[in-house]
Amino acid sequence: MSTTPAALQSPPSGRRKLRFNSLDEVLADAEHLLRDGYRRSGNWTLGQVCNHLGAAVTVALAPTRSLQPWPVRFVAKHFVLPQVFREMKPGYQLRGKVAEEFLPPDTPDEQGVAMLREAFRRFQAETPRYPHPVFGKLTRAEWEKLTLRHSELHLSFLIPEKS
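If you read the sequence shown in our numbering, its first letter stands for residue 1388, the second for the next number, and so on.
Just so you know, the hints here were simulated from the structure itself, not pulled from any lab data.
Computed from a predicted structure; not experimentally measured.
Beta carbons: idealized from backbone N, C-alpha and C, even for Gly.
Hints are supplied without guarantee of correctness; some may be wrong.
Cut-off 30 Å, straight-line C-alpha distance, at most; resulting in silico cross-link-like pairs (DSS-like, lysine-lysine) [what the hints assert, rightly or not]:
(1) Lys1476 with Lys1464
(2) Lys1549 with Lys1464
(3) Lys1404 with Lys1549
What follows is a list of derived Cβ distance ranges for each label pair [claimed, not checked]:
(4) Lys1549 with Val1459: 37 to 45 Å
(5) Arg1504 with Arg1426: 17 to 25 Å
(6) Arg1452 with Ser1428: 17 to 25 Å
(7) Glu1487 with Lys1524: 38 to 46 Å
(8) Arg1527 with Lys1549: 28 to 36 Å
(9) Glu1474 with Arg1452: 24 to 32 Å
(10) Lys1404 with Lys1549: 17 to 25 Å
(11) Lys1532 with Ala1449: 19 to 27 Å
(12) Lys1549 with Lys1524: 38 to 46 Å
(13) Lys1524 with Glu1488: 15 to 23 Å
(14) Lys1549 with Glu1487: 34 to 42 Å
(15) Arg1426 with His1465: 34 to 42 Å
(16) Lys1404 with Phe1466: 38 to 46 Å
Please model the complete structure; the sequences and the hints are all you need to start from.
And the structure:
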């Protein structure tokens, strides 16, 4: 039996291929999974995925305690972010303060979807004004694009029971 937390194990295969063009599409997918059921090809439940995605997008609206040093943010923004905007790939493991802040606890699916809905509502209603912990200062469009790619990654591990 492994002592590695489920959230840190290697990602399995068998994911969906997703491409979201709006936050509304992300929320519609999460609500579809909630309504019609899903099976997991990954470690997290729908509630945990939505909790994590909601926490990640609201970083734009409130300061985070896990801000990386400016040289890391500079390199990440200019050399990593362009690739992330194309596709966010699985396998990155959160560690340290970032893990403490962003690894989701067990979250009922209904609660997680409600948290994501509220986080997206806030993001659309408020002006992003805080830097991303890794990528630094982002525009609203960059925050949204990052959120779409991040959502594709995590929701791809949840396979709908019904189409």
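Status of each hint after checking the structure:
1. Straight-line distance between C-alpha atoms of Lys1476 and Lys1464 comes to about 16 Å, which keeps the hinted pair within the 30 Å bound.
2. In summary, the hint linking Lys1549 to Lys1464 is not supported, as the alpha carbons are separated by about 38 Å, beyond the 30 Å threshold.
3. Taken as a hint, the Lys1404 and Lys1549 pair is honoured in the structure, with Cα atoms around 16 Å apart against an allowance of 30 Å.
4. Take Lys1549 and Val1459: their Cβ atoms lie about 43 Å apart, and the range 37 to 45 Å holds.
5. Distance hint check for Arg1504 and Arg1426: the Cβ-Cβ separation is about 23 Å, which falls inside the suggested range of 17 to 25 Å.
6. At roughly 32 Å, the beta carbons of Arg1452 and Ser1428 sit outside the given window of 17 to 25 Å.
7. The supplied range of 38 to 46 Å is broken by Glu1487 and Lys1524, whose beta-carbon atoms lie about 23 Å from each other.
8. Checked against the hint of 28 to 36 Å, the pair Arg1527 and Lys1549 passes, with Cβ atoms roughly 34 Å apart.
9. At about 29 Å, the beta-carbon gap between Glu1474 and Arg1452 stays in the expected band of 24 to 32 Å.
10. Against the hinted window of 17 to 25 Å, the Cβ-Cβ separation of Lys1404 and Lys1549 comes to about 18 Å, which satisfies the hint.
11. Between Lys1532 and Ala1449 the C-beta distance comes to about 20 Å, which sits within the given range of 19 to 27 Å.
12. Hint check: Lys1549 to Lys1524, Cβ distance near 42 Å, so the stated range 38 to 46 Å holds.
13. As the Cβ distance of Lys1524 to Glu1488 is approximately 19 Å, the hint placing it in 15 to 23 Å holds.
14. Remark: the range hint 34 to 42 Å for Lys1549 to Glu1487 is upheld by a beta-carbon distance near 37 Å.
15. For the hinted restraint 34 to 42 Å between Arg1426 and His1465, the CB-CB distance of approximately 39 Å keeps it satisfied.
16. Between Lys1404 and Phe1466 the beta carbons are some 26 Å apart, a value that contradicts the proposed interval 38 to 46 Å.
Of the numbered hints stated above, those contradicted by the structure are hints 2, 6, 7 and 16, listed in ascending order.
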